[in-house]
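Chains as they are written, first to last, in the numbering used here: chain A, 1 to 351; chain B, 352 to 528.
Among the clues, some could well be false.
Lysine-lysine pairs mimicking DSSO-like chemistry, simulated, CA-CA at most 30 angstroms apart [as the list claims (entries may be wrong)]:
| no. | chain 1 | residue 1 | chain 2 | residue 2 |
| --- | --- | --- | --- | --- |
| 1 | A | 275 | A | 46 |
| 2 | A | 46 | B | 501 |
| 3 | A | 46 | B | 505 |
| 4 | B | 432 | A | 347 |
| 5 | B | 511 | A | 4 |
| 6 | A | 275 | A | 348 |
Hints are computed from structural coordinates only; laboratory data are not their basis.
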Amino acid sequence: MAEKVLMKGNEALAEAAIQAGCHHFFGYPITPQTELAAYMAKRMPKIGGTYLQAESEIAAVNMVLGASAAGVRAMTSSSSPGISLKGEGISYMAGSDLPAVIINVQRGGPGLGGIQPSQADYWQATKALGHGDFQILVFAPSTVQEMVNLVSDAFDKADQYRMPAMILADGMLGQMMEPVELPEKKEQTAIEKPWAACGHEGKRKHNIVNSLYLTPNALESLVRERYERYETIKANEQRAEEYRTEDADVIVVAYGASSRVARSAVNKAREEGLKVGLVRPITLWPFPTDAIQRAAKQAKHLLVVEMSMGQMVDDVRLAVEGSVPVSFYGRTGGIIPTPKEVLGEIKKLLK
Amino acid sequence: MKDLNMVFAGFGGQGVLFAGKVVAYAGLIEGRELSWLPSYGPEMRGGTANCSICLSDEPIGSPLVTNPNVLIAMNRPSLDKFVNDVEPGGVILLDSSLIDVKVERDDVTTYYVPASTLAEENGLKGLANIILVGKLFKEVGFCSAETLDKALQKCIPARKAAMLDFNRKAIEIGSAL
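Okay, chain A solo, but in the shape it has when bound (with noise of 0.2 angstroms):
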């Protein structure tokens, strides 16, 4: 086993891009995801990998997509106002059936918000992060260790579906240090990318990546095979952890910083005697429907803890179809829930 280190997480983010494969970052500046984009910098040019600092996000999204097209594994990396302005990028990438990392060290909005933590693009990241029929892998780690975990499974899902995949962090995470073991190196292509456009030499038809579809039957049927796969990612890449809900009569549900606000408050009901636990989301799409459905059947009613207005409870109660009451609690702003505040919460719901 390889020794521990203590890392920030947003360094523990772009080394674990690198261990996965990916010599190829484009990135510009922003609060508070820019130690990643930093260490790249460092990084990329001593392994004879491509750290490239855009004019613009827009810029380094397009990249991005341009690296994917050529078959190697590229990332860039943002916080939420550069996110929005990716989100044409990723629709094209998206539209081209293209693999590529992005992550979000979400701060808080909207406009330029502030640069706290914040969980308010829960909706952009799984629902809306550009135009057209089109959902993203969204991977939501609460450690910097399954920050380094995550960033590796992302790449190779989005190998293996062909389609951008997110990281959705927040400033907590990518500000605090914990301990971590970093990951074997990986090769640079997982696995084989027939179709990338990276010359053929004369032996080969020669690949075409674009995502202009003029014909509707041709559109439609592509946006249709990409749907297909999508169903096949909601059978079998849900991922959730269920923390002490075997008896639990309120179950929390919440994912990333404030999954980790939720786990004190629950350990907090627990020693206090309550019948409380946790369900925490790791991917956001595909949502963990069937984690929330278990919860529903177990617990008399569920409480969504988000640092946002109220975002995934969204997803929580189509995932319970009214079969138990839902309830919301939520910071936002830059603001971090207490264990307090969640516990007060919990009680309320127990009366």
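Use these hints to put chain B onto chain A, whose structure you have.
Chain B in isolation, oriented as in the chain A frame:
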């Protein structure tokens, strides 16, 4: 060992984040669960800076410490900001060369450490933070002496190797108080 939920706070530049890092590395070396969360943003320039450090034998929940059982305060605004959040039975260490008030709580243990003056007198300018870590080590014993020295070695980059002995001296002064 009991869980330590710590806040180190002071002016930007006093090295509260670095002090927190030393304690975090001590946790890493001893294989414990830990987290280190800095304040970030404009407040770091001349304003107040702080970090939350959790050391535990269980996985860390929220890394944001809202009710510390250890507070290191290196200036008055930091003390004012956090003093009432400290858990009953908790420990407060403050730099008494820069903070001229007393803690008016009798349910916490307060150590008044003239850290900045001691640093100045011993030719350790800028190491008041580490003197306080030394005192914390003595009073709370968050790791072994050997670990603490290793943690210093981890935190001080090779190009600043000359600083290691100054830091060791600061720990010595703090833990002798």
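Hint by hint, here is what the structure shows:
1. A:275 - A:46: violated (52 angstroms)
2. A:46 - B:501: It holds: about 28 angstroms lies between the C-alpha atoms, which stays within 30 angstroms.
3. A:46 - B:505: With a Cα-Cα distance of about 22 angstroms, the restraint between residue 46 (chain A) and residue 505 (chain B) holds, given a limit of 30 angstroms.
4. B:432 - A:347: Satisfied, since the Cα-Cα distance of roughly 28 angstroms is no more than 30 angstroms.
5. B:511 - A:4: With Cα atoms ~23 angstroms apart, residue 511 (chain B) and residue 4 (chain A) stay inside 30 angstroms; holds.
6. A:275 - A:348: holds (13 angstroms)
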